[in-house]
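Asks: Here is how the chains run, residue by residue.
Number of protein chains: 4
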Amino acid sequence: MSPDRLKVAVIGAAGYGGGELLRLLLAHPGADVRQAASRRFAGEPVALVHPNLRSLRPLVFCRPEEISPCDVLFLSLPNGESMKSMDRWLKTGTKVVDLGADFRLRRAEDWKQWYESDHQCPDLLDRFVYGIPEINRAAIRSASCVAGPGCEAIASILGLRPLVRHGLVRGGAVVIDAKMGSSAAGARPSDSTHHPERAGAVRSYRPTGHRHTVEISRILEAEGANFSLYVTATAIDMVRGILVTIHVFPDAGAVTEKDVWKAYRAEYGDSPFVRIVKENRGLYRFPEPKILQGTNFCEIGFELENGGRRLVVMSALDNLVKGAAGNAVQCFNLMAGFPETTGLEFPGLHPV
Amino acid sequence: MSPDRLKVAVIGAAGYGGGELLRLLLAHPGADVRQAASRRFAGEPVALVHPNLRSLRPLVFCRPEEISPCDVLFLSLPNGESMKSMDRWLKTGTKVVDLGADFRLRRAEDWKQWYESDHQCPDLLDRFVYGIPEINRAAIRSASCVAGPGCEAIASILGLRPLVRHGLVRGGAVVIDAKMGSSAAGARPSDSTHHPERAGAVRSYRPTGHRHTVEISRILEAEGANFSLYVTATAIDMVRGILVTIHVFPDAGAVTEKDVWKAYRAEYGDSPFVRIVKENRGLYRFPEPKILQGTNFCEIGFELENGGRRLVVMSALDNLVKGAAGNAVQCFNLMAGFPETTGLEFPGLHPV
Amino acid sequence: MSPDRLKVAVIGAAGYGGGELLRLLLAHPGADVRQAASRRFAGEPVALVHPNLRSLRPLVFCRPEEISPCDVLFLSLPNGESMKSMDRWLKTGTKVVDLGADFRLRRAEDWKQWYESDHQCPDLLDRFVYGIPEINRAAIRSASCVAGPGCEAIASILGLRPLVRHGLVRGGAVVIDAKMGSSAAGARPSDSTHHPERAGAVRSYRPTGHRHTVEISRILEAEGANFSLYVTATAIDMVRGILVTIHVFPDAGAVTEKDVWKAYRAEYGDSPFVRIVKENRGLYRFPEPKILQGTNFCEIGFELENGGRRLVVMSALDNLVKGAAGNAVQCFNLMAGFPETTGLEFPGLHPV
Amino acid sequence: MSPDRLKVAVIGAAGYGGGELLRLLLAHPGADVRQAASRRFAGEPVALVHPNLRSLRPLVFCRPEEISPCDVLFLSLPNGESMKSMDRWLKTGTKVVDLGADFRLRRAEDWKQWYESDHQCPDLLDRFVYGIPEINRAAIRSASCVAGPGCEAIASILGLRPLVRHGLVRGGAVVIDAKMGSSAAGARPSDSTHHPERAGAVRSYRPTGHRHTVEISRILEAEGANFSLYVTATAIDMVRGILVTIHVFPDAGAVTEKDVWKAYRAEYGDSPFVRIVKENRGLYRFPEPKILQGTNFCEIGFELENGGRRLVVMSALDNLVKGAAGNAVQCFNLMAGFPETTGLEFPGLHPV
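Residue numbers (our numbering), protein chains in the order written: chain A, 6 to 357; chain B, 6 to 357; chain C, 6 to 357; chain D, 6 to 357.
Don't read these hints as lab results, they were simulated from the structure.
All the pointers check out, no bait thrown in.
DEER-style ranges, computed between Cβ atoms:
| no. | chain 1 | residue 1 | chain 2 | residue 2 | range |
| --- | --- | --- | --- | --- | --- |
| 1 | D | S149 | C | S122 | 53 to 63 angstroms |
| 2 | D | E49 | C | P344 | 55 to 65 angstroms |
| 3 | A | P83 | B | A47 | 30 to 40 angstroms |
| 4 | B | K263 | D | K89 | 36 to 46 angstroms |
| 5 | B | P50 | A | S149 | 52 to 62 angstroms |
| 6 | A | P83 | D | R270 | 37 to 47 angstroms |
| 7 | B | A271 | D | A143 | 50 to 60 angstroms |
| 8 | C | R10 | B | E71 | 39 to 49 angstroms |
| 9 | A | S60 | C | R62 | 52 to 62 angstroms |
| 10 | C | R286 | A | R270 | 46 to 56 angstroms |
| 11 | D | E350 | B | D123 | 48 to 58 angstroms |
| 12 | A | G312 | C | A227 | 22 to 32 angstroms |
| 13 | B | D123 | A | S122 | 44 to 54 angstroms |
| 14 | D | Q118 | B | G172 | 31 to 41 angstroms |
For the chain C half of the interface with chain A, some residues (derived, Cβ under 8 angstroms), not all of them:
| no. | residue |
| --- | --- |
| 15 | D182 |
| 16 | K184 |
| 17 | S197 |
| 18 | G205 |
| 19 | G214 |
| 20 | T239 |
| 21 | I241 |
| 22 | H252 |
| 23 | M319 |
A few chain A residues that don't get close to chain B, going by computed Cβ distances all over 10 angstroms:
| no. | residue |
| --- | --- |
| 24 | R10 |
| 25 | E71 |
| 26 | E121 |
| 27 | Q125 |
| 28 | L130 |
| 29 | A143 |
| 30 | A144 |
| 31 | R146 |
| 32 | G214 |
| 33 | T261 |
| 34 | E262 |
| 35 | D264 |
| 36 | K267 |
| 37 | T347 |
All C-beta atoms, glycine included, are put in the ideal place defined by N, C-alpha and C.
All chains, please: the whole structure from these sequences, using the hints.
Replies: The following block contains the structure:
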């Protein structure tokens, strides 16, 4: 065992986010995966649930209670679950990365309003850093607790925040029209994910009131945004991936392509996982989740219309990687002092 | 209400087979759909479960116990369910069409061996006619009880029986390699039909021991077949449809294309729903379930190899129509004296 | 031949719109399909290209020049093609229904701006009625020339026009975010429709500047709309179908659900093919193109947010039926004095 | 540049196999990709065609004629192309790995019979080693020329050869029923790969006479097989992946599970990329191409029936990786003295 490897464990390891954490961490040169917990599958081999892990180091699910102290503890649980025992997890892991929603918001009243329940440990909210490396790199480096954002939030924030910071859009209305794959609904079957019903669907499952709205709003407000943010989410026939099409009406009229390029370049010049994609030829002229499957990239593109008075931003990523587990490993790299891209080098497949 | 219309009812109407029965019967000029029963959805509008029926006559699910006497009672229940109360259903419907497996086999011992339970009313087995119009037209016309076959069985029997009857294959081994859509698993969600797992799958869910083997075997044995029949079923990414690829080794060496054409033409010359598809040009040279969605057609094609010593037969249909509800309506047409194609005229879509 | 049946012919019959016209017209009790023309496939059986038509009346493609005079001539050609010979076609068909874009716009300068070429017969533009029965029923009844709209235009206009007419939205910005199936691209293969590239794609192929914008704008302006209309089109993994998600910001603040219901009911009370879909239970709570495949329905739904200051309208249809051929047959029914729904009764499939 | 890295080049680099070669070799610690040739795309950036390579080292396609001498030259060309200039390529590359069909067969008459043309350099056939490391490891290690097999051939040979070598099947008939993804047809669009036609298809595109039959036969005959081998290929709705379902009738009656396990273990005990998958629980009980996307694994499973008188073998792989480019890199590793798994460690995704 290399002395440089950190002891890590994953709770909620049988879910899709948990499975991706295992895939990435088991191959990560700086991580020593000690335990993987799942209440439902305790005692079963990890490969029963995640057959892609068959050829990696064998691992058996333990129960969450059996998790031993470790350097970094990853939690990938349904909303409302991690807060129930966060006191305990903070003692188990020297550092904690929580992929769920529980610690993404600063204010307990935001939780109450959007998740319709009282937050169970509001005093801990301040200890968590919002885990998007591209906007919070320094804070994550020194953080002991990181809250991994929602996948729509990551895609949307990465697409919008540079525009806000560079004064291209601050007021008015912004509409995020999100196209979602089925894995975003998690690993538990339900009527709505039954294949004959879900295949081929173009289902407006959340036309208004999407919970990630508040995450996105808070981050952008911190940069001066004062717009009305609306999120509409449509489930399409795709397993992995999300494309957010963001409809923006720049302030004070016209914006130029150069303005937009400048904003993105300034913000992401040193971000290895953000790619600005705006080609005038080929089939992949704009961000495309299809080719991002398995990768940690977020692709961002845009197009202007009506003399710059309307701007369409497209942002794509793999909801289980850059939208969840990969982004968490990227945070882990920063927290541990590894190069930011360690273990996240997979370039993606074409065709797929 | 036309005096010619028969009163019909459907039990198990919330399932996929039941939904197709409703779609077909509600538009059928000779059927007056009086009731649709579902234990799970009793009291709910039919369109809640089958949204395609929104614009047809409104109907509310009743409980099975509430079904009133009718001319023809259709049952579309999970295996083992209809036999529990068949005594009762035979009193409810003047005629009964059961789409489940319970009354497909003549011999109770076959049921026991393949379905691993005792048949609960073996004395009723003889009252049911095996409901494939193309092979049993006369018997169905005069039947009061019809058992609708399994979808693989219909596709396979229609492909193989002419070959057996015309002496092209009687002994040796026959392999049926079936490619199945997800709707064949029914309307209840499970781990295996969860979209992220089922989408893109090529799942060998039944490499050996498929239950429809016995149905097919019994029918073919009655025509003199003496071969070992093997069925392998693979689930593919499709909702509706089945293609069986049947690998046949003709007896006594060489068979010619002419022999095979002759056998099919002789058997299906008067069968409006069987199409022999064997083109030498175009994209749809052989049977293709894709374009049969919603139709009552069974397409059959073939190709010879090795000087006629090997024969591949392909047979395709929509598992919910010709493989279940449409076939049952075709039986109903015969039982009621309507033209065989009544209410089953939909030609299918292209592209789709 | 019934004396009531009208002689019809289809030019461009090998395309997807043309194939759907044949499917619908061959089964139409009031249509006698005399000829089907295709330059590329002249001399070939129609079923070579449209295998779903195998069991309908056999037909062989002729060349466009061979089309004889008929009662109603349908044209389904690529943009810019029908105008080349419209003088001739007006002599061939007593009435003409053109499914292409050439005669959808009233003003030649609109054509020039959006299609980047001079219109070749601007003097004929006035003879064509814009063919959406739900908004133009009387005019279509007495028309001799009908221009079938684009599929995004039909879906969008049916969703938006009642809101404009009832004063719910007139100014500001409206964003149409369209999710499109691959059949909208037509029957000709290209790099972008190659299955390995197109399958699984979420392709922003037209983020801005969609040509249907002008069609939609002109229709809505005629009702008093004065908003900026923006269309963004994304290709998703679907063959048939379109969902437009329309993001609307009602004028003068708050709108209520009742206002919106009232507008739709007033406009579509007598329209058999428009369904308002807004359920609070079930999987199909909003419009869903999946279950509309093969049908002539347009489903419209909506949801309000932010105290009625934002409205999401969803509108779904089958781009080849209500978005093209079915809508054209609906116009034909009106032009010929048949009941509006004749030949368009297919209710759709579930699951599919 | 590390002195240990070999200079490599790829001809046919714009195709799907070529793209995968670039993906794997650009990330390979022992390969220095010097050039990538494509006649069609010469002068264009590689990422125009393979957008997944955007974040790897930029590369511009050159013309095949511009390829400079290198240590290992990879060719990934349509059938019949590499033989046209193999004399030249043998001078360009110190070693050559050809992924096409041209040099897979030992006998020119086999080529003539199955590819219906004269082989243009029959004298070179003997210089090529058939490139399946699992069966030819030693020969590949010392080879200067390797012919990469067809994807069905690799899957089928890996499934069948142990059975032949261990005397479980030698005579009789063996049927390979292959389910194929669309990427196997290559990167060029055609009518048959047009998305509206290809999506949802279950197309029996090669019921008999598949060319890979001869490859498989020759390899198995060398181990004593004397059976009639039949291949039926069906295209299903999948981009990457192949599952071959092999229907085997063991000689001399009964075979036991233990016999089969023993044969596979003996042959693949030291093969890192072959996994025997035969679970009695979980969703992934047998080989599944879905979870092998992007990986170099071949999964093999089996099930016995009828007292061991019938055996179904399932073999799955990613046709572009273990079925082409990954397998070629595995050969390259052996030829270069690298560990066999170098650059091929990707474990695959779940769900996907």
